[in-house]
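S.K.: Please model the complete structure; the sequences and the hints are all you need to start from.
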Amino acid sequence: MTREEIFAVIQANIREIIAGTKDKEILESHSMRDLGADSLEIVEVVSRSMKQLRIKVPRTELFEVRDLKGLLDVFEKAAAKGQ
Amino acid sequence: MDSTTVSGTGDAFKGQAVLVPDLLQPLELLLAELTAAEREQAPAASRQGRPTERRCRQFVLGRCAAHAAVRRALAGQAQPSCIEVLTGQEGQPVVWVDGVAGAACVSITHSGRLALACAWTGTPEGRRAGVDLERLRPVDVAQSRYAFSRRERALLARAPEGPRLAGLAAWTAKEAAWKALWPAQGADPAEVEVWALNLAGGQAVVRAPRGGSRLGVRVGMTAGPEGEYVFSVAR
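These protein sequence lines are chains P and V, in that order. What the first sequence shows, in the working numbering, is residues 1 to 83, in sequence order. What the second sequence shows, in the working numbering, is residues 1 to 235, in sequence order.
These aren't lab readings, by the way, just hints derived from the structure by calculation. Since the structure is predicted, the reported quantities are computational estimates derived from the model, not experimental observations. Fair warning: there could be bad hints in the mix.
Stated by the list, open to error - Here are some, though not all, of the chain P residues that point toward chain V, as calculated from beta-carbon distances under 7 Å:
id : residue
1  : Gly-20
2  : Gly-36
3  : Asp-38
4  : Ser-39
5  : Leu-40
6  : Val-43
7  : Glu-44
8  : Val-46
9  : Ser-47
10 : Arg-59
Claimed, not checked - Calculated from the model, a selection of chain V residues having no Cβ within reach of chain P, i.e. all distances over 10 Å:
id : residue
11 : Gln-25
12 : Leu-34
13 : Leu-74
14 : Ala-78
15 : Thr-87
16 : Pro-93
17 : Ala-103
18 : Gly-220
Heads up, the beta-carbon is just placed ideally off N, CA and C, and yes, glycines get one too.
M.R.: Shown next, in the form of structure tokens:
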């Protein structure tokens, strides 16, 4: 799974879950807070993305993530381990 | 502006809670409610319709709720124009009255188009309080491994109100406790664990990290611009 494919899954979930992001540009440099997400919406995006990507990431690693680039890094690492 | 009052635990630890809905007034009008220093800290919302505008509106509504809550907590001991709620170095809201910090403590939360703030005076040294709010919506957070430990997921699966409502309520309890424990809450929010949840009784118990003390959390429901919301107040 490529980094672009992982980001596409995250972007799709952000657009579906976080109000006001449907037609917005979503960049790796954004954080979900920047996009207007509350804490639960962040949980929803992360949980749903992990399920769709069939990856598991320890919670401790996720709580250190500050932006979408960080989330992508963690997901990419987990996807590579699962292959 | 709608408002409710939250009582403490029977000691001098009283709190005042204020809810502020977003009535979709122009952002400029909302920003005018803040002090110059508060406006400087507001997230940029330079272009209408950008995601940052939502964030900015939530920030301003939260500050408006905090101002009102602090005014009530201080019971007329300060002129409204002398009250500022600024973001501290660690991201926490800090109450300033007449240029002096610490006359009250405040916790702020928002979800969708509703903001909630609680302010307290007379909080014991090193003890804080926290609030969290979530709009009721169809989410399956109760079984999320990211949000809850195995023990919590088992607790929520047995909740008589169903896992959806219980999951949202437990999340707010956890977030409120996380804020109340600041700055000693530890690095991992997963360590803050919901130990008991009684939605009918409006209560939850949350265990602090590393086998620490247990916090009582008040859990309640309220109406807002987008339906019902669940909130928690930890102290």
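S.K.: For each hint, tell me whether it holds in the structure or not.
M.R.: Here is how each hint holds up against the structure:
no.: 1; hint: Gly-20; in the structure: 5 Å, holds
no.: 2; hint: Gly-36; in the structure: 4 Å, holds
no.: 3; hint: Asp-38; in the structure: 5 Å, holds
no.: 4; hint: Ser-39; in the structure: 6 Å, holds
no.: 5; hint: Leu-40; in the structure: 5 Å, holds
no.: 6; hint: Val-43; in the structure: 5 Å, holds
no.: 7; hint: Glu-44; in the structure: 6 Å, holds
no.: 8; hint: Val-46; in the structure: 5 Å, holds
no.: 9; hint: Ser-47; in the structure: 4 Å, holds
no.: 10; hint: Arg-59; in the structure: 5 Å, holds
no.: 11; hint: Gln-25; in the structure: 17 Å, holds
no.: 12; hint: Leu-34; in the structure: 19 Å, holds
no.: 13; hint: Leu-74; in the structure: 28 Å, holds
no.: 14; hint: Ala-78; in the structure: 30 Å, holds
no.: 15; hint: Thr-87; in the structure: 13 Å, holds
no.: 16; hint: Pro-93; in the structure: 15 Å, holds
no.: 17; hint: Ala-103; in the structure: 28 Å, holds
no.: 18; hint: Gly-220; in the structure: 17 Å, holds
When the structure is compared with the earlier hints, no violation turns up for any of them.
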